[in-house]
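Asks: Spelled out, the chains give:
Protein chains: 2
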Amino acid sequence: MRKVAVVGTGLGKWGVRSATLKELAQEAGKALFDDVEGLPREEVDSLLVGCALAERLAFQSYVAPLVAEQLGINPTRMLARTELACVSGQSALKMAYMAIATGLSDIALVMGLEKMNTPDMSETQTSMACVLDREWEGVNGMTAPPYFAMVAQRHMHEYGTTQEQMAMVSVKNHRFSATNPYAHFPKEVSMNRVLNSPSISPPLNLLDCSGITDGAAAVLLTHGDAAKEMTDTPVFIEGLGQAATGNLTANLPSLTSWPTMRRAVRDALKMAGATIHDMDLAELHDCFTISEIIEYEELGLAEKGKGGRFIEEGQSDIGGKLPINTRGGLLGCGHPLGATGVAQVVEVVQQFKAQVPSQRYVGGEWGLCHNLSGNANNHGVVVLRRGS
Amino acid sequence: MRKVAVVGTGLGKWGVRSATLKELAQEAGKALFDDVEGLPREEVDSLLVGCALAERLAFQSYVAPLVAEQLGINPTRMLARTELACVSGQSALKMAYMAIATGLSDIALVMGLEKMNTPDMSETQTSMACVLDREWEGVNGMTAPPYFAMVAQRHMHEYGTTQEQMAMVSVKNHRFSATNPYAHFPKEVSMNRVLNSPSISPPLNLLDCSGITDGAAAVLLTHGDAAKEMTDTPVFIEGLGQAATGNLTANLPSLTSWPTMRRAVRDALKMAGATIHDMDLAELHDCFTISEIIEYEELGLAEKGKGGRFIEEGQSDIGGKLPINTRGGLLGCGHPLGATGVAQVVEVVQQFKAQVPSQRYVGGEWGLCHNLSGNANNHGVVVLRRGS
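Sequences listed follow chains A and B, in order. Just so we're aligned, residue 1 is where the first sequence starts under my numbering, counting upward by one. Just so we're aligned, residue 1001 is where the second sequence starts under my numbering, counting upward by one.
One or more of the hints may lead you astray.
[Stated by the list, open to error] Heads up, incomplete: computed chain B residues facing chain A, CB under 8 Å, no partners named: (1) 1076; (2) 1079; (3) 1098; (4) 1198; (5) 1199.
[Stated by the list, open to error] Keeping only pairs whose Cα atoms sit at most 30 Å apart, straight-line, the calculated DSS-like set for lysine-lysine is: (6) A:306 - A:321; (7) A:304 - A:353; (8) B:1003 - B:1353; (9) B:1270 - A:3; (10) A:353 - A:321; (11) A:3 - A:306; (12) A:270 - B:1003; (13) B:1003 - A:3; (14) B:1270 - B:1306.
[What the hints assert, rightly or not] A short list of chain A residues far from chain B (calculated; beta carbon distances all over 12 Å): (15) 66; (16) 171; (17) 181; (18) 276; (19) 303; (20) 357; (21) 387.
What the hints contain is simulated information worked out from the structure, not anything from laboratory work. We put the beta carbon where it would ideally sit given N, CA and C, even for glycine.
So that you can see chain A by itself, here it is in the shape it has in the complex (with noise of 0.2 Å):
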């Protein structure tokens, strides 16, 4: 089998934005090609997108096609989209190692796109719906920040976590955000102004929250010996790991612990040869800031129940124990849900190419990037090794 290695990257703009999906996907495959200077884009053999939602906010199914045909490349090996909801970004770089690593693929674009502001805000709101299962919980109102309030509300009567430990993610996140200008929300925000944000779902105010956004990101995927030819730092795809289990809330085993993270944290790891203290910084699913907290746990950073701790002392910012969400996670970022798996893979390689802003530089040799999905029900991860 192939090594696979990323050898390129991609942003655009995020936010609540005028552009069509197409102009977002055409905006972040702009900025890739403008990475990998040169690369004639018939030599991109494959394509593959994540994106979630499509068929509703954007009224567009075909989307892998329609993206390959805005980009101006005609894939000869492999052409999908894939779709796991707030993992679907993340599955499409699945999609692409695989076509790599196998030989059906030498070059290979993943695109992960989201267009979720739209004229009509409320059919956005009812499409969230259909992230979740929709029969049995959207029709009662149950979308993301209803059933991450009841998450958080358990961890905080089992543990004692605070509201000021969960708005503290939402500080940190946000101080890295203010330096990444392709953020949705590039702004620092104090303790006070997310404590006293609005309510959202208690214990959740809105600055505990990912923010609904349009999005996209890129990157480029070659196998190893093409890599070191198209750059200097190739960063290589070295654990995967992935697992689910039911996604009801009634059929879950608990609400503040996941098992199924722990296992493709522990899948990922194992084939990367890693461990979690091997890692010089990690991209985290922070869609609230409740999230990040029980991640930590998860992560094996902090015992089961210590996460508020381990925001408190400063343990997941840099200069602590594992640098976390240094381009501002989903909550300083936004969350347009196909592109947010892309996106933190963009973090990683810029990171370890030294192409972020010196206040939020870490650097480094190993990352490590974290998606969920549903209700916490479906964990991805992505663990990241820079070469040389």
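Assemble the complex: chain A is given as a structure, and chain B must be docked to it using the hints.
Replies: Frame of chain A, contents of chain B only:
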């Protein structure tokens, strides 16, 4: 790289069903688990679901985890839905193939699935605009029937193809579907009936068009070593091909020549180390009668423009040059977008296992499956070989 084999198949009844998306998946899943009797569900480590339009027609994204929950499986290796309009199901098969070939997965379930009939069928019709380019073509009324009507008109103009020749495709495929209890249209039709069925978009009549069908199909894949423990007749995936060009009608080089199909066929056969003349049967994408006629030509079975003659001579029937669409094709079985590509593979496997009625039994060793999508700009091919 590991060899990959199909070791089990499952189908539900196709048609206008009152079943929900999840219930359709459950039926095909049950049939699959019955076929691989004794397989503990926890051994299925991956699930790939091909589905094109669930967000619009079932108001449900996050399709793969919901199918997993419905089937009682908890994937620990690979989980995603693939979307590529009418090639969605075949795309899922390809992803599962790669997962097993790389060793990331040991046993993967592939589910093709579509719920197309809705209480308000105008919603279904409108949604069909989003499997083409909705912004540029869908809004102008360009959905599949008018597009393929233009293709048919042009083929008639350029090569003298007749409506009678097109009708013969429908007659043949309905003769096969008449023996297929899972088909939406299990009934023979006469030439006269096809030619006098209501006009949909001239020259295409109703019986020149595949139906709007609810349905699901499933196959189980594993690696070469495990395959022989699970079945006496593993069917190996030997070749994969895929090629796409720009989707807009205005950007297509030709309406009647499909160079991306030739490319996909060539690549899949090359990978398999076979030629089209080695094939014992083929499942082609007869979304409209004219499609199958052009496909004869692009497969190299007939000279360009002589596809009409090919069906007239009975060369695509049992006893002819290459029996095509023995399950009844899209014309006879209906076309639940995501399910079609998987059901084609089911047919080839069941043929090799002599699990089909004698009236349509061909058997043999080699089979080819083909799907197209959009404005026939994208084609995917899978080549299968019976193992022993």
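Asks: Going back to the hint list, which numbers does this structure go against?
Replies: 4, 5, 7, 11 and 15
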